[in-house]
Amino acid sequence: MSNDVALHGHPEVVGSHEAHAHHHKETFITKYVFSQDHKMIAKQFLITGMVWAVIGGLMSVLFRLQLGFPDESFPWLEDVLGRWAKGGKISAENYYALITMHGTVLVFFVLTGGLSGTFANFLIPLQIGARDMASPMMNMLSYWFFFGGSIVMISSLFVQTGPFSGGWTAYPPLSALGDASPGSKVGMDLWIISMAMFIISQLLAGLNYISTVLNMRTKGMSMNRLPLTVWALFFTAVLGVLSFPVLLSGVVLLIFDRHAGSSFYLSDIFIASTNTALPNEGGSAILYQHLFWFLGHPEVYIILLPAMGIASEVLSVNARKPIFGYFAMIISMFAITVLAFLVWAHHMFVTGLNPFLGSVFVLLTLMIAVPSAIKVFNWLTTLFKANIRFTPAMLCAIGFVSLFISGGLTGIFLGNSTLDIHLHDTYFVIAHFHIVMGVSAFFGMFAGVYHWFPKMYGRYMNNTLAYIHFWGTIIGAYLIFWPMHYEGFAGMPRRYLDYGIWESFKQFAELNKFISIVAIITFALQFLFLFNFFYSIFKGRKVKDQNPWKANTLEWTTPINPGHGNWPGEIPEVHRWAYDYSKDGRDFIPQTEPIDPNESKH
Amino acid sequence: MEQAAPAKQNLWGGGKSPFNVEYGKTMMWYFLMSDAFTFGAFLISYGTIRFSSHAWPDPNHVFRSFPFIGEMNVPLAFVTLMTFILIMSSVTMVLAVHAGHQRNKKEVVKWMIFTIIGGLMFLGCQAWEWWHLHHQGAWWGSNPFINIDGTPANINFTNLFFTITGFHGFHVFSGVIINIVMLIMTLNNVFEKRGSYLMIEKAGLYWHFVDLVWVFVFTCFYLF
Numbered sequence: 000m001s002n003d004v005a006l007h008g009h010p011e012v013v014g015s016h017e018a019h020a021h022h023h024k025e026t027f028i029t030k031y032v033f034s035q036d037h038k039m040i041a042k043q044f045l046i047t048g049m050v051w052a053v054i055g056g057l058m059s060v061l062f063r064l065q066l067g068f069p070d071e072s073f074p075w076l077e078d079v080l081g082r083w084a085k086g087g088k089i090s091a092e093n094y095y096a097l098i099t100m101h102g103t104v105l106v107f108f109v110l111t112g113g114l115s116g117t118f119a120n121f122l123i124p125l126q127i128g129a130r131d132m133a134s135p136m137m138n139m140l141s142y143w144f145f146f147g148g149s150i151v152m153i154s155s156l157f158v159q160t161g162p163f164s165g166g167w168t169a170y171p172p173l174s175a176l177g178d179a180s181p182g183s184k185v186g187m188d189l190w191i192i193s194m195a196m197f198i199i200s201q202l203l204a205g206l207n208y209i210s211t212v213l214n215m216r217t218k219g220m221s222m223n224r225l226p227l228t229v230w231a232l233f234f235t236a237v238l239g240v241l242s243f244p245v246l247l248s249g250v251v252l253l254i255f256d257r258h259a260g261s262s263f264y265l266s267d268i269f270i271a272s273t274n275t276a277l278p279n280e281g282g283s284a285i286l287y288q289h290l291f292w293f294l295g296h297p298e299v300y301i302i303l304l305p306a307m308g309i310a311s312e313v314l315s316v317n318a319r320k321p322i323f324g325y326f327a328m329i330i331s332m333f334a335i336t337v338l339a340f341l342v343w344a345h346h347m348f349v350t351g352l353n354p355f356l357g358s359v360f361v362l363l364t365l366m367i368a369v370p371s372a373i374k375v376f377n378w379l380t381t382l383f384k385a386n387i388r389f390t391p392a393m394l395c396a397i398g399f400v401s402l403f404i405s406g407g408l409t410g411i412f413l414g415n416s417t418l419d420i421h422l423h424d425t426y427f428v429i430a431h432f433h434i435v436m437g438v439s440a441f442f443g444m445f446a447g448v449y450h451w452f453p454k455m456y457g458r459y460m461n462n463t464l465a466y467i468h469f470w471g472t473i474i475g476a477y478l479i480f481w482p483m484h485y486e487g488f489a490g491m492p493r494r495y496l497d498y499g500i501w502e503s504f505k506q507f508a509e510l511n512k513f514i515s516i517v518a519i520i521t522f523a524l525q526f527l528f529l530f531n532f533f534y535s536i537f538k539g540r541k542v543k544d545q546n547p548w549k550a551n552t553l554e555w556t557t558p559i560n561p562g563h564g565n566w567p568g569e570i571p572e573v574h575r576w577a578y579d580y581s582k583d584g585r586d587f588i589p590q591t592e593p594i595d596p597n598e599s600k601h
Numbered sequence: 000m001e002q003a004a005p006a007k008q009n010l011w012g013g014g015k016s017p018f019n020v021e022y023g024k025t026m027m028w029y030f031l032m033s034d035a036f037t038f039g040a041f042l043i044s045y046g047t048i049r050f051s052s053h054a055w056p057d058p059n060h061v062f063r064s065f066p067f068i069g070e071m072n073v074p075l076a077f078v079t080l081m082t083f084i085l086i087m088s089s090v091t092m093v094l095a096v097h098a099g100h101q102r103n104k105k106e107v108v109k110w111m112i113f114t115i116i117g118g119l120m121f122l123g124c125q126a127w128e129w130w131h132l133h134h135q136g137a138w139w140g141s142n143p144f145i146n147i148d149g150t151p152a153n154i155n156f157t158n159l160f161f162t163i164t165g166f167h168g169f170h171v172f173s174g175v176i177i178n179i180v181m182l183i184m185t186l187n188n189v190f191e192k193r194g195s196y197l198m199i200e201k202a203g204l205y206w207h208f209v210d211l212v213w214v215f216v217f218t219c220f221y222l223f
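Residue numbers (numbering that gives the first Met the number 0), protein chains in the order written: chain A, 0 to 601; chain S, 0 to 223.
No lab work stands behind these hints, which were simulated from the structure alone. This structure is a prediction, so every number in the text was calculated from the model and none was measured. Each residue gets a CB set at the ideal place from its N, CA and C atoms; glycine is no exception. Fair warning: there could be bad hints in the mix.
[What the hints assert, rightly or not] Per label pair, the in silico range of CB-to-CB distance: (1) A:Ala-91 to S:Trp-130: 45 to 53 angstroms; (2) S:Ser-173 to A:Gly-499: 51 to 59 angstroms; (3) S:Asn-103 to A:Phe-27: 40 to 48 angstroms; (4) S:Ser-173 to A:Glu-502: 56 to 64 angstroms.
Excised from the complex, chain S in its bound form:
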């Protein structure tokens, strides 16, 4: 302990990173803060418009379909599955990062593949849901779902839904691309040669962030 104390005093003294992190990780954290403000602005816009509207459609009515089961009424079942897939992909990402810490290339490859599959499945689910809603007549500027109190449909429900879930989906898409690049770099032994799987960790930060944002998006559109 006596030896640790002076080192602690000099953390900010220059010549080293005060947080003991490589610059890329600092950048990633600040980028995520920045991106949190982007989503924050979207969700605050959602709140502003929602609370100035007199009524809103019922999510249990809008999101009640499930692929391949016809007209069965299963409110929120599909989005639950989507959310489960995305959260599971976060778990596999944690395992990939963990394997990276142990410099176990085989395990990293395995868990990265699972994470990529999870991301693609989520995107597929979202594509189906969008397609299905579009099929029912929902799109930017058109909303077939009447409000919960029976009044004519509030047009901004679909506007906000497609814009914000679309922006989130774009983030998931970017994340999948990043993860594929990471997988290829792992397979090409780039990290083995570098002696560190830090890049996997940075990609993991982004991936977890995208999952976290989904929790808020999900809450706003599906639960309230």
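If we strip away everything but chain A, and leave its shape as in the complex, we get:
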């Protein structure tokens, strides 16, 4: 068997675009619905993610209404939500359903599917110089499994007993026992089915990203010339491929506990609502927590790494400077990827974990601060004395760095098992993770959308709207989450419907009202972004310049509206890394330009 054949096992895929690029007619279905073009799949992920973000964000508005105004009733809520809000007040069960769905939707369907799904699909082939993903077919399936999972998750909102309501972590025994709460009935089954489909989607996507990055780089694109976006997305894919299967095992055992009478997570349980003692014995609810957080912690980095990669690229392009510490960035991301698998038990310090074991996890957790800090200093050094262009994408990237620092610092508090005794499950935790992985990842996503919109649609987004959206959102984000730190320090627990019954938390009534009002305004501001996005697709200013940001990477060597296959002729060859900005008196030197013998070394 010749080596050539081995490498191009599917002649119908590899190289077919060169031969047939202008021959085969595409129908609406193959172009927009069951598309195998990575750029279209990226847009599908992005727009599905946007729909999910609106739904998940709206849920947060609804429960913030309850938290900010616990004594008032909103009759219009009953008109909108029906029996979820009898008499204009959200019932306790539905409040829990809202926070559960808000978490699940935002973590998995927006910040995982919507973020890495969009940018890995869009950027990997374009930036490494490939015509498409390794397997366009699997790529398409990955989107449709994601979509199917979305439909199942949405359908759980409409069942009689409501969606799952035991928190996005779905801890048993609550999630294992249908009698324990209405949300644990069919809503939980739909949650599990939806997550299983999501995991399949992530697996298909991750395998594709990994093999595309490893195998399909264009000539000259060595690993140490890859843009940091591609490195980040590569590590994201590795994390996903190795951590999601453990969640799959966890939920498979859970579904057996729910329906087959097994006792993997159950032992010695009495259900008050039905007044029965269950026969289950010998299981361990903590086991589920281990399995869940073995995914759950890497998941944080699955969300954050793409945002880091996007920010690195956008910062360097708009600072007109090479990224500071390119190799340090890669090594940091590698360290984060490895450590991500070794810190899961810091979510479990108060489960009765052995304190000695806890101290090991404290050490490993605090070690993550090192690569994170290296990355932050590299971003700041890249900005230092730079000739910055404050494009909307650049502002969002800077916003990402700001939020990552603010949220990262509180992570050092929470990583300590002793401090965690006081702080766990308080609003301090809510503030921490919303800033460090929620809002900051959103800013990474905004930066990516503003920056690559011209490549996606051949038009620009409106800058004025973008600036208003940026400033409103970043101020809003800080105003929402900064005060929560104080509530958390005071010990205010998360996941409660009404804090009025506690004397010690009555002092926060006005603060909660303030947070809720800002949250509603900030949510409303996001429609500015959505309007800007959809309006600009059709009516935005047209891109005339092939390389509007004067960037070095390969995606800007394609035509303004690249077809399937990306480059009409040969794929360009790469001769240098992606960050030759302001070098030898030149503003930028694209990756495709051969190295001049007189050029200075970097």
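The hints should help you fit chain S onto chain A, whose structure is shown.
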């Protein structure tokens, strides 16, 4: 040797696969790593529950039957046969891959048929064993086998047994389906036309992995 050196330097230089493998094989290796984590999670769950239980049934007592020989006491004889069949099917798979390297279609067909038969026999054995245990009253949520120290039956023994061997059996089933597809593609000359039997090799990777997992599953449930 002098000529090989510069080529080696450029392995990661782009424009070619650094491991000299086609993308599908890279994907298969990463998929197997992913799947290893799935089974790893199951077996770690098994270990966690087993070691937090005070006692466990005796496998020599539970798995002592053999089909068609009545009540004779032959501990672990049947599972030994099952394991032997599965390992033999791995050997025939190796031979199929080897024949594929030599582009010998007739041999590929022959060894693929043997591999498929081996897989089906294993599944049949597993079906019999499940049926037999179920017949004795074992199922998810019910365990008729008392612990080795005479204490009441530990319910999680059967829960784990059926879940994990079931999940493995599902993998074997998928593998048999994949092998049948490969056989049909071979018979239709797909690989002849393509000039390579690489797909057989990828199916082989999966098949060997499933065998390897069985070794761990077997050790956990039957030997300890």
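Note to self: Quick check on a hinted range of 40 to 48 angstroms for Asn-103 of chain S and Phe-27 of chain A, using CB atoms only.
What the structure shows: 46 angstroms, holds
Notebook entry, point to check: Regarding Ala-91 of chain A and Trp-130 of chain S, is the given constraint of 45 to 53 angstroms on their beta-carbon distance met?
Noted result: 47 angstroms, holds
Note to self: 56 to 64 angstroms was suggested as the range; check whether the CB atoms of Ser-173 of chain S and Glu-502 of chain A agree with it.
What the structure shows: 60 angstroms, holds
Next item on the list: Starting from the hint 51 to 59 angstroms, judge whether the C-beta atoms of Ser-173 of chain S and Gly-499 of chain A obey it.
Entry: Given a distance of about 55 angstroms, which is inside 51 to 59 angstroms, the answer is holds.
Of the numbered hints listed earlier, not one is contradicted by the structure.
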